[in-house]
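Participant: Below are the chains, spelled out letter by letter.
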Amino acid sequence: MWSRTLISLSFLFFAHSVGADGIAIIVNNDNPEKKLSGQHVGNIYLRRINRFPHGDKAIPLDLPQDSDLYEAFYRKVIKKSPAQMSAHWARMIFTGKGRPPKRVANMADMKNLVSQNESIIGYVNEGAVDTSVKVLLHTP
Amino acid sequence: MPPNSFYLLSCKCRVIFLALSVLSVCVSADDSALQFSAFGTLGVVHSDDDSAYYRANLRQPTGADKSWSADVDSKVGGQADLAINDSWWATIQVVSEYGASGNYSPEIDWAYLTFVATDNLKVRVGRLRVPTFLASDYLNVGHAFLPVRLPIDIYGQLSLYHFDGADLIYELAVSDSYLLIQPIVGYSEFDLYAGAIGGKYQGKAENILGLRVSMERKGVTYNFGYFQTDLTTTSTALTDFYDSLTTASAGFPPAGSLLVDLETSGRKTKWLTLGLRYEGQQLLIMCEYGRRDAESDLTGSNESSYILGGYRMGRWTPYLLYSELNKTSDSSDSRLPAVGPLAPLAAVTNALLQGNLENSYTTGVGVRYDIASNWSIKAQYQQISGGGHFFESKQATAKPQRTGVLSAAINFVY
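So the protein lines, in turn, are chains A and B.
Counting in this note's numbering, the first sequence runs without a single skipped number right up to 140 at its last residue.
Counting in this note's numbering, the second sequence runs without a single skipped number right up to 554 at its last residue.
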């Protein structure tokens, strides 16, 4: 009986850990940065800074707006809600100040593009991180 | 730069537009060098006063009365951005909205070349929008702000909304702070509408010089804006009025000094604005103070301000707003005698001075619902006291003193 309880508890724990998976900000393995502040990530994604701290160009990538990770990334890392972001881009695009990051279809495409280009910065669930990319920031 | 050069610039921009249209055929849609965007609002407005039309600005010839009007807020805009290379971009935006001619004929609101001089500095040349107010450069994009329309006590009197010229954009982002410094220089021509002076009339703003300084920190944006211009407004009725004053001044010199105070040819007009915008994940606050100083009493000087607050609850954002306009220039003049042969001219003078930018107080309540990331719907009710200049009388009747205005709008960006 105890073992059954343990099994169901571990199931619960497992399910919980997947649901609350952290967010990893990822770059190419050849990118010299070791870590990046949330503020710098925010400035890159809001198109206010277009370089990494070491001076090379930074190209941000986004996930589809209807994905859970998109919403979690903007709420936790950029500290803005989806409604705030859509109003932000309406202001930026139609005053000629900048355009939103290019979108990829899913995390696999995100990782794939990051692993091919030193300038690209992206975000994935922590569980999806592997050796093809480097993590500069973890957000729980 | 003389006005002619700006004219040439706007011609160049038309050439760019043609080039963009040609390119759009050659370049596939997913190519990132050329991008298209669009925005629009479909709005309906109802006023509980049938003696005058409620208007969103001083260009619209008619507006809302007891029958619903779609003209007050509806508009559609399209934009093309072309990245020529890493240093040069071209942008054009065409907007169709209800204007002084009483139709929706499209107007080029933006058409400019951007030169990226450094990471922090851009130079833009062509047709640009006046950016000195907190929200004047995205005034048409309903999805970008909370209420149905930005408070007209400030934004409705900004008739000069685009200009041909140049600006510099200096941007600096350091950790959690963002600084923007944007000087402008240019020239503009525009149309206005006022039944009292014969309907559609023309405005010309020469020697526009301005500066915007904006700073954002911890979700709060502080905005300082100033611009000045030599403003000319002309209409047949105004010319006749000035001629009558000139004639009168031959036998009655005070009419000459009155003419100097009123006439609207190349008169210095200054706009100062201070604004603040806070945007958290739930709470939104926007407030602004504007001060308009016009050399001509007929253009009129005033102070205007508003405060707008909203609270996001998921897709719903209820909001409250208050705005006012206080006239600081004279509403009457006693230099012309109210009896005798000049009495009719005195009456016209006082009618013009009084009807121009009267005091106005507005309270409003509304709600915005975000249907999706690029669609929103809004509804609001406002109670307006005074505000005669935004009401276009149907006949020569007194303008409404207290009006309820109901508005609903659907906005999109694409």
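Wrong hints could be hidden among the right ones.
[To be verified] If you want a taste of the chain B side facing chain A, the calculated C-beta under 7 Å gives, among others:
id	residue
1	Phe179
2	Ser227
3	His283
4	Ala313
5	Ser315
6	Ser317
7	Tyr318
8	Glu356
9	Gln421
10	Ser469
11	Asp473
12	Val505
13	Tyr509
14	Asp510
15	Ala548
16	Val553
[Stated by the list, open to error] Coverage of chain A stretches by chain B, computed from C-beta distances (three or more under 8 Å per stretch; other residues unrestricted):
id	region
17	105 to 115
18	122 to 128
Calculated from the structure, these hints are not laboratory results.
Keep in mind that this is a model prediction, so the values were computed, not measured.
Each residue gets a CB set at the ideal place from its N, CA and C atoms; glycine is no exception.
Participant: Now, for every hint given, state plainly whether the structure supports it.
Facilitator: Taking the hints in turn, this is what the structure says about them:
1. Phe179: holds, 6 Å
2. Ser227: Given a least distance of 13 Å, the restraint on serine 227/B is violated.
3. His283: holds, 5 Å
4. Ala313: Holds - the Cβ of alanine 313/B comes within 7 Å of chain A, reaching about 4 Å at its closest.
5. Ser315: Given a least distance of 5 Å, the restraint on serine 315/B holds.
6. Ser317: violated, 9 Å
7. Tyr318: holds, 6 Å
8. Glu356: violated, 9 Å
9. Gln421: Glutamine 421/B check passes; min Cβ-Cβ to chain A is 5 Å, inside 7 Å.
10. Ser469: violated, 32 Å
11. Asp473: Cβ of aspartate 473/B sits 41 Å from chain A, so the hint is violated.
12. Val505: It is violated, given that the least Cβ distance between valine 505/B and chain A is near 20 Å, above 7 Å.
13. Tyr509: violated, 10 Å
14. Asp510: With a minimum Cβ separation of about 5 Å from chain A (threshold 7 Å), the hint on aspartate 510/B holds.
15. Ala548: This hint is violated: alanine 548/B lies away from chain A, its Cβ roughly 19 Å from the closest one there, beyond 7 Å.
16. Val553: holds, 5 Å
17. 105 to 115: violated (count 0)
18. 122 to 128: violated (count 0)
Hints 2, 6, 8, 10, 11, 12, 13, 15, 17, 18, counting from the list given before, are not met by this structure.
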